[in-house]
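Number of protein chains: 2
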Amino acid sequence: MQDVIILGTGNVAEHLFKAFSSKDSVQVTQVYGRNSESLKKFSAYTETCSDPKTIKDAAIYIIAVNDMAIAPVSKLLSNKKGIIVHTSGAISIDDIASKNAGIFYPLQTFTKGKTLDFKSIPICIEAKQKSDLIELNKLASSMSDHVHEITSEQRKKLHLAAVFSNNFTNHLYQISKDLCKDSGLSFSLLKPLIKETADKVQYIPPKDAQTGPARRGDKKSIESHLNLLKNKKQTELYILFSEAITKMYEEKL
Amino acid sequence: MQDVIILGTGNVAEHLFKAFSSKDSVQVTQVYGRNSESLKKFSAYTETCSDPKTIKDAAIYIIAVNDMAIAPVSKLLSNKKGIIVHTSGAISIDDIASKNAGIFYPLQTFTKGKTLDFKSIPICIEAKQKSDLIELNKLASSMSDHVHEITSEQRKKLHLAAVFSNNFTNHLYQISKDLCKDSGLSFSLLKPLIKETADKVQYIPPKDAQTGPARRGDKKSIESHLNLLKNKKQTELYILFSEAITKMYEEKL
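Taken in sequence, the protein lines are chains A and B.
Per the UniProt record's numbering, the very first residue in the first sequence carries number 1; after that it's consecutive.
Per the UniProt record's numbering, the very first residue in the second sequence carries number 1; after that it's consecutive.
If you are wondering where the hints come from, they were derived from the structure by calculation, not from laboratory data.
Some clues are possibly wrong.
Since the list gives no way to pick one copy over another, a pair counts as held whenever it fits inside one copy or between any two copies.
Only pairs whose alpha carbons sit at most 27 Å apart, straight line, appear in this in silico DSS-like list of lysine-lysine [stated by the list, open to error]:
#1 Lys219 x Lys233
#2 Lys112 x Lys230
#3 Lys195 x Lys207
#4 Lys219 x Lys75
#5 Lys230 x Lys18
All values reported here derive from a predicted model rather than from experimental measurement.
Working from the sequences, and respecting the hints, build out all of it.
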């Protein structure tokens, strides 16, 4: 049995709490949060505290707060012997000033109220000490089939890749929605396409899945699309993507 | 029973053929293609022909060829009385020089060998004549629960939106894959995130689903990401997306 304390009450904290709660090998013995109101959702299931002095001892502390708060929150644990990890893709392991520092980074987008199957979510771990890495591997493996030991440098690059795959992709969905709206069409028309596009690259490399005017060098369609676009940023993105795709397949020839 | 002739032997032609074949209310009586080799996959199931003179009479002709070939292929049908439609998002109804011209545009990305459930695929229809529209609606409704009558102008805009949601999104997946590769990481790490990102906007508007450094105005992370990027086009895209996302949420405040 691994005893865990979660620091933070947001989306990631809540998803991790739920995932751990269903495991016999893990017990979340406490949740810490500054705001006692946001602790309420946990208090029916475990002990909660908003006073840092009352944080108990545990084998593993998981800091699931926003990036800027990781360093200050980790300082609340300076006298603790347990492993102290954060869950961020972007922040260095050194933001946790402890020899027991580690990383527990679940690579997924978490939505309030939407349950996820942690089994398929990659969890990237790192630790300053070998023995801590073994403990973190045990914890991560209890919830996920995809545990990866990666370095902070790799994690930063992975987080950057995730920004392209998630943040920027979502913005493309937003642009698509705006374009539909301009024509009095519902965004729901595009939803099956969006789903299939994401599904396709689960099995086919994106390079092989690429289609469209830029892929086939169809300058007439590109020109006609540019004539339809009225928004400057959308036009710039269209041009930049078309150039990038054209370049990629020219290089391939 | 509606009898249909398909002109074309590519991906869309094959997917439509398979979808129609499972319907009692539709019969594909012939498939036309210039290349007799590519007709082979149809010939076990229906009549095929590669000589335009032997194209039979039918209620509906579906031209499922690449955009550039639509006009010339439609001319092969100049003496036919049936409705003549094409399946392209980008091409005007007027490329078919017939008073029986129409559109039968399934809004989806079709992958060779990957079966799709047509029930959920939006089919956008258009016809020059009201009576033809009724026939096309009947045909489309036999395979899909989502039939939409839209104009050529709307269809062009929808196709443009699909380029953002599919073509450009897929290129973002490609960039993510390249970034993983640079760090010795597998693209499979990102696959659950890609799937969940697409799944999220099935239920939540993309504006509400947006996360990431640009969304929260986190200039430090943006700067650190830009330092990691070595490819010029990737850097340009990163900057442009970050500006566009920042602008969108500033406007919202």
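To see whether the hints hold, each was checked on the structure:
Proximity of lysine 219 to lysine 233 under the C-alpha cut-off of 27 Å is found in both arrangements, the shortest distances being 20 Å within a copy and 20 Å between copies. Taking the closest pair of Cα atoms, lysine 112 and lysine 230 never come within 27 Å of each other, the shortest separation being 35 Å inside a single copy and 35 Å across copies. For a Cα distance limit of 27 Å, the shortest separation of lysine 195 from lysine 207 qualifies both inside one copy, at 18 Å, and across copies, at 17 Å. Taking the shortest alpha-carbon separations for lysine 219 and lysine 75, only the inter-copy value of 24 Å comes in at or below 27 Å, while the best intra-copy value is 58 Å.
Taking identical chains as interchangeable, the C-alpha atoms of lysine 230 and lysine 18 are never at most 27 Å apart, the minima being 46 Å within one chain and 39 Å between chains.
Hint check: violations occur at hints 2 and 5; the rest are consistent with the structure.
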